[in-house]
Amino acid sequence: SQQGEEDPQALSIQEGENATMNCSYKTSINNLQWYRQNSGRGLVHLILIRSNEREKHSGRLRVTLDTSKKSSSLLITASRAADTASYFCATVYSGGGADGLTFGKGTHLIIQP
Amino acid sequence: DAGITQSPRHKVTETGTPVTLRCHQTENHRYMYWYRQDPGHGLRLIHYSYGVKDTDKGEVSDGYSVSRSKTEDFLLTLESATSSQTSVYFCAISERQDFGYTFGSGTRLTVV
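Sequence lines, in order, name chains A and B.
So the first sequence is residues 1469 to 1581, counted in the numbering used here.
So the second sequence is residues 14 to 125, counted in the numbering used here.
I should point out that these hints are in silico values taken from the structure, not numbers from a laboratory.
Do not take every clue at face value.
In silico SDA-like pairs for lysine to any residue, Cα to Cα no more than 20 Å straight-line [to be verified]:
{"no.": "1", "chain 1": "A", "residue 1": "K1573", "chain 2": "B", "residue 2": "S118"}
{"no.": "2", "chain 1": "B", "residue 1": "K70", "chain 2": "B", "residue 2": "E40"}
{"no.": "3", "chain 1": "A", "residue 1": "K1573", "chain 2": "B", "residue 2": "H54"}
{"no.": "4", "chain 1": "A", "residue 1": "K1524", "chain 2": "B", "residue 2": "D111"}
{"no.": "5", "chain 1": "A", "residue 1": "K1494", "chain 2": "B", "residue 2": "R57"}
{"no.": "6", "chain 1": "B", "residue 1": "K66", "chain 2": "B", "residue 2": "H42"}
{"no.": "7", "chain 1": "B", "residue 1": "K24", "chain 2": "A", "residue 2": "G1508"}
{"no.": "8", "chain 1": "B", "residue 1": "K24", "chain 2": "A", "residue 2": "K1573"}
{"no.": "9", "chain 1": "A", "residue 1": "K1573", "chain 2": "B", "residue 2": "G53"}
{"no.": "10", "chain 1": "A", "residue 1": "K1573", "chain 2": "B", "residue 2": "Q98"}
{"no.": "11", "chain 1": "A", "residue 1": "K1573", "chain 2": "B", "residue 2": "L91"}
{"no.": "12", "chain 1": "B", "residue 1": "K70", "chain 2": "A", "residue 2": "S1562"}
{"no.": "13", "chain 1": "A", "residue 1": "K1494", "chain 2": "B", "residue 2": "G53"}
{"no.": "14", "chain 1": "A", "residue 1": "K1573", "chain 2": "B", "residue 2": "K66"}
{"no.": "15", "chain 1": "A", "residue 1": "K1494", "chain 2": "A", "residue 2": "K1573"}
{"no.": "16", "chain 1": "A", "residue 1": "K1573", "chain 2": "B", "residue 2": "E72"}
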């Protein structure tokens, strides 16, 4: 079953506004990652936050992690039309093993020009 | 995507026929993964590999097999394709299982 669940499933905002997406997960994790997928393309790794970190920044992206609530958020500031895509959170289970990432179903973000 | 290619990009096949999808990497990464992506389900892990000849099953492995005879190639085989296997298939690579993944561009498979 899916480990992560993103919220909302879809989000439409005006260009220049900030976009916030949330992710909840079920088990203890080693790290949590966010990916972007443009229509018809593969996923692109955006940012990784480890379980002992609370916040991480990369350019216009800000990710927070609350392990006590088993949740994460991705904030995209000053959105652009090119940010239109689906965004997925994915987790690495802390119990080890090589079976890697478990993905949520994604948030579809539309930036209106 | 740089360092990882999938082939073919598109394929239409008939029910009951075997199909093999190929993932090729030039990054010398140890870990390789096959996912399928379907509307309403997100990405689900089919099989993964943690080294040459070392593979294991993922969440939705029934009807699929894999092989990895070289570091750079990871093959996914549908033994006898069914309509439920119509999907977009993604390969991913990673240097370590807790690192970020690099994804291929995907193979859109239609089983008619």
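Hints breached by this structure: Numbers 2, 8, 11, 14 - these are the hints that the structure violates, sorted from lowest upward.
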